[in-house]
Amino acid sequence: MAQPQSLAASISPAPDSALIAAWQRGDEQGAAELVRRHARALARFLAGAGAPEADVEDLVQDTFIRAFRAVDRFRGHCQFRTWLLTIGGNVLKDHGRRAARHKVVPLDEGLAARDGDPHERAEAGEAEARLAVGVGELPRLQREVFLLRAQQGLEYDEIAAALDTTEGAARVHYHHAVKRLKERMQ
Amino acid sequence: MNEDAKLHDAARRLGVQAAEQLDVERLAAAVIERLRREPARATRPAWMQPAWLRIAAAVVVLVGGGLVWRQLGSPTGGAAHGAHLVTDDLTDLSADQLRDVLNTLDETLNLGSTTLPDGDLEDLDAQQLQAVLRSLEG
Numbered sequence: 001m002a003q004p005q006s007l008a009a010s011i012s013p014a015p016d017s018a019l020i021a022a023w024q025r026g027d028e029q030g031a032a033e034l035v036r037r038h039a040r041a042l043a044r045f046l047a048g049a050g051a052p053e054a055d056v057e058d059l060v061q062d063t064f065i066r067a068f069r070a071v072d073r074f075r076g077h078c079q080f081r082t083w084l085l086t087i088g089g090n091v092l093k094d095h096g097r098r099a100a101r102h103k104v105v106p107l108d109e110g111l112a113a114r115d116g117d118p119h120e121r122a123e124a125g126e127a128e129a130r131l132a133v134g135v136g137e138l139p140r141l142q143r144e145v146f147l148l149r150a151q152q153g154l155e156y157d158e159i160a161a162a163l164d165t166t167e168g169a170a171r172v173h174y175h176h177a178v179k180r181l182k183e184r185m186q
Numbered sequence: 187m188n189e190d191a192k193l194h195d196a197a198r199r200l201g202v203q204a205a206e207q208l209d210v211e212r213l214a215a216a217v218i219e220r221l222r223r224e225p226a227r228a229t230r231p232a233w234m235q236p237a238w239l240r241i242a243a244a245v246v247v248l249v250g251g252g253l254v255w256r257q258l259g260s261p262t263g264g265a266a267h268g269a270h271l272v273t274d275d276l277t278d279l280s281a282d283q284l285r286d287v288l289n290t291l292d293e294t295l296n297l298g299s300t301t302l303p304d305g306d307l308e309d310l311d312a313q314q315l316q317a318v319l320r321s322l323e324g
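Going line by line, the protein sequences match chains E and L. Here the working numbering is used: the first sequence runs in plain steps of one and ends on residue 186. Here the working numbering is used: the second sequence runs in plain steps of one and ends on residue 324.
No wet-lab data here; the hints were simulated from the structure. All residues carry an ideal CB built from backbone N, CA and C; glycine is no exception. Some clues are possibly wrong.
Here are the simulated lysine-lysine pairs, DSSO-like style, with alpha carbons at most 30 angstroms apart [said to hold, decoys possible]:
1) E:K182 x E:K93
2) L:K192 x E:K182
3) L:K192 x E:K93
4) L:K192 x E:K179
5) E:K179 x E:K93
A short list of chain L residues far from chain E (calculated; beta carbon distances all over 10 angstroms) [to be verified]:
6) L208
7) V287
8) L315
Let the hints inform the model, and build the full structure from the sequences given.
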């Protein structure tokens, strides 16, 4: 692919829309910058949605590849990151079909790299482990709405636009998800 | 900490470790490399989507079937109609109508066996000529 003068290199920080346009013109650095910006959020989302930790990096790669291939279909109805996360949800679903397995981060693994009081750490780790199991048991739409809202901090209108639903429906899915997760965590 | 706050706190921590372990620079390079190496699969235009293909196939089958039906039905048009009458309901027919139907059936059955004589038409008698004419009329 031809590499015209890199927009990502010349303007900093460029908005996502400019980087997308750069990639569409063939500027690979536009794509690389988008990966740098959104890879960690995507990894958190995928891991939170039940991706096995060993597979997260591959799933992140697959999601970016699928997104860059389909970027012409991105209509700017939501943020690029939100759109990317929904593609990640599809990639994870396909992966789940193939692998048909789920893995929850083991408690000791989740605690390994944390600072602070050991008791608080253990309590937090336990809550996280229960939540991970609970999130994995949610229907897909509830799971995605919950993660986009609680983990990624998105507003309902943004979630609704990304998932092609209404704001009210997104609220209802979130409400049901929280209700189930609270029951799970008790 | 109340239940809601606990839930949100736990949700924000979900996947943090996996994200921290990510080597973003290496990942970006790997993505670019794959984009270069793996050619984009051509996306099908809308008219080639499976749903449209199925509809088109159904139309072809219907139209094709209709044409075949017409082709098969046309040589015996009147006869076929008469034969159809028989299958519909014989009890509704009068004696004359039943006779007509039987005649039509006779013609239909004879149609396949009627062959043009090898010799000159002038050699045929009146009955033979009638048989040939009837077979030509269908």
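Going down the list of hints, with the structure as the test:
no.	hint	verdict
1	E:K182 x E:K93	24 angstroms, holds
2	L:K192 x E:K182	10 angstroms, holds
3	L:K192 x E:K93	28 angstroms, holds
4	L:K192 x E:K179	13 angstroms, holds
5	E:K179 x E:K93	23 angstroms, holds
6	L208	5 angstroms, violated
7	V287	62 angstroms, holds
8	L315	75 angstroms, holds
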